[in-house]
Amino acid sequence: MATLHTVNRSPFQDQALLSCLRHVKKGDSVLLFEDGVYGAMSGTALSDTVAELGADVSVYALDADVAARGIDSARLLEGVALVDYAGFVDLAANTERTQNWL
Amino acid sequence: MATLHTVNRSPFQDQALLSCLRHVKKGDSVLLFEDGVYGAMSGTALSDTVAELGADVSVYALDADVAARGIDSARLLEGVALVDYAGFVDLAANTERTQNWL
Amino acid sequence: MKFGIVVNEGPYTHQASDSAYNFVKAALAKGHEVSRVFFYHDGVNVGTRLTIPPQDDRQIQEQWSALAKEHELDLVICIAAAQRRGLLDENEAKRQGKDADNIAEGFRISGLGQLIEMGIEADRTITFGD
Amino acid sequence: MKFGIVVNEGPYTHQASDSAYNFVKAALAKGHEVSRVFFYHDGVNVGTRLTIPPQDDRQIQEQWSALAKEHELDLVICIAAAQRRGLLDENEAKRQGKDADNIAEGFRISGLGQLIEMGIEADRTITFGD
Amino acid sequence: MSDDEVKKFLYVNRKAPYGTIYAQESLEVVLIGAAFDQDVAMAFLDDGVFQLTKGQDTKGTGLKNFSPTYRALGDYEVTKLYVEQESLDERGLTLDDLQDIQYEDEDDDYAEKPSIIVVSRDQMASLMAEQDVILSF
Amino acid sequence: MSDDEVKKFLYVNRKAPYGTIYAQESLEVVLIGAAFDQDVAMAFLDDGVFQLTKGQDTKGTGLKNFSPTYRALGDYEVTKLYVEQESLDERGLTLDDLQDIQYEDEDDDYAEKPSIIVVSRDQMASLMAEQDVILSF
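Residue numbers (numbering that gives the first Met the number 0), protein chains in the order written: chain A, 0 to 101; chain B, 0 to 101; chain C, 0 to 129; chain D, 0 to 129; chain E, 0 to 136; chain F, 0 to 136.
The following block holds chain A by itself, in its conformation from the complex:
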């Protein structure tokens, strides 16, 4: 019964990621892509909040968008898994619905 949530805006500019994380259910998946991948970085002013609010969900980041922005995978928050577009498709297929936080 899980949901795939997607977030594509930078959490430093926009509230979408925080609002998403405040509405997830245990066992949901959250995919960060486009500028949303900045939310997956460790060592930022938002890292602790993201880690805390995202504790009960699986957090993914789209590899192509992480690479485009020059984020080294060693800089990602612990527990964040990289996926490619095929993995994005799998996440959407394997959850019951997708909610896009625009």
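I should point out that these hints are in silico values taken from the structure, not numbers from a laboratory. Please note that a few of the clues may not be correct.
Now the in silico label distances, taken between C-beta atoms and shown as ranges [what the hints assert, rightly or not]:
(1) GLU61(D) / ASP36(F): 55 to 65 Å
(2) GLY54(F) / GLY30(C): 31 to 41 Å
(3) ASP47(B) / ILE116(E): 29 to 39 Å
(4) GLY91(F) / GLY30(C): 19 to 29 Å
Far from chain C, some chain E residues (derived; all Cβ distances over 10 Å) [claimed, not checked]:
(5) GLU27
(6) PHE65
(7) GLN84
(8) GLU103
Everything numeric in this text was worked out from a predicted model, so none of it was measured. Each residue gets a CB set at the ideal place from its N, CA and C atoms; glycine is no exception.
Following the hints, complete the assembly by docking chains B, C, D, E and F onto the known chain A.
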């Protein structure tokens, strides 16, 4: 030598207003318009921050945008002055430069 | 599995149409069906044939047209959103007395009902926007 | 006083072009000069003549064309931004081998240099975007 | 799910009206969608709650005032408008600041009933987790 | 100000690259503007600091990688790239995470000098307050 700063995004969604207020100089003017007018409301989770960071500047809100959004003028933060488009023009003319926080 | 895709932002300005394109390609490569791609809000601007992007950049509209041809994709541009933004096909141009049209090959203009229908028929509906 | 205006977002989707229009009207009414309105990013989409907005809504492109005519405003659409987004005038359409053009009366397409020139010549430069 | 079954559609509104067109074009989808006999609800959270405020007057901006359309939703059998309490609180709003939106309950002798249902953030999250299709604006 | 005088232009970059086009089209303005012999500087604050990061590789997205252009700015005599320290800090970035952007100082025997100048938020505010024209992206 003062600057007119304009902010047109909702501060509940976007960081533009806070970033603007952290870069103003004493004596500057800040005009809130479009969805930016929500930043002029009292009694919100952001009101105290806006009032504090905006203490040294003159804050204005565009009347047409305030009315469009159904905000009663009694609900505006203390010290916020309403201006019309002509007043917006005057603010731009009477300051030395305009900086638009997009 | 049957995916329905919504694209809500215009080409180049937002990454939404690129992400949607990459998602659709990946879904098709995995053997999934993409029942429709519905372009709404500024997304309708993806479907103009009048763009001339820099030669060293991707050609967003041509990518979609080619993908539609290869996989018989149904690329639908919302008529109400298109009228506000100046996207027209030949019939609509005639009907509205406009002297030009600009829709690209492989796209068709239709109503919002196509979005709802897609949501009903698809197993998953995914929106790319901003 | 001489104002230079930049419009960075497309019509209807964002309020930017409406706010710019209201500002320009107010500036002209006060006797100021508006040396140029420069349309950049998605702002170029304001200048298409192919829109058919709902009849009970404002006609953004026609408002600008009328204001330009009345006050001899210089409405400039950035060519680089326009090419990405599918805005063309007749000459550019011919030159690029496109079979249609869509620019509206009162707008002209020119280079980014016109933006810098406007910034140099105007007393105040104001950007409407999002 | 068979084609005959009714799907649960949720229209999620998280943006303020007028600054951008999303709220207005979201309403257009909802009105068209009403013809499809699905199980429809709307969610208003974050800046989306601003869409429902009373007294919107767009004359000075030149924009079209689409706020009366929310009161017409009941005629289209769109009768469940979920509004998040926390989003109201953060914006200093109460139910009194929102339009009075009613529908006639045909199962209850056409009694007028409120369409707006204020829910907590947790309830909103649960509502979202029950849907078949979520369209976000 | 007479027409012959040089104006101070500041290009303000507050948005991340790739998700939206503002960063890229801002660069196009700066490159064209360089021909006009004005006093030009660029400011990077908030998410704008992400524009300058090293190692951007857009192949997987299909987007055009425009980050090498920042290193070419010196050739256009755009040599002042002000980066806000607080914006870096909030994003967990240091100067080492940014591209090494240099220019040749023709007044100093073409010595290579760094174009990036890290400034505090207060200094950024003061810089903004000195400008004639501010273009924001």
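Each hint tested on the structure:
Roughly 39 Å separates the CB atoms of GLU61(D) and ASP36(F), a value that falls outside the hinted 55 to 65 Å. Taking 31 to 41 Å as the suggested C-beta distance range, the pair GLY54(F) and GLY30(C) conforms, at roughly 34 Å. For the hinted restraint 29 to 39 Å between ASP47(B) and ILE116(E), the CB-CB distance of approximately 30 Å keeps it satisfied. Judged by the Cβ atoms, the range 19 to 29 Å given for GLY91(F) and GLY30(C) is violated: they are separated by roughly 40 Å.
Distance check for GLU27(E) against chain C: the nearest CB is about 6 Å away, which does not clear 10 Å, and the non-interface claim fails. No Cβ of chain C approaches the Cβ of PHE65(E) within 10 Å, the least distance being about 13 Å, so the stated non-interface status holds. The non-interface label for GLN84(E) is consistent with chain C: the shortest C-beta to C-beta separation is roughly 26 Å, beyond 10 Å. No Cβ of chain C comes within 10 Å of the Cβ of GLU103(E); the nearest lies about 24 Å off, and the non-interface call holds.
In this structure, the hints that do not hold are numbers 1, 4, 5, in rising order.
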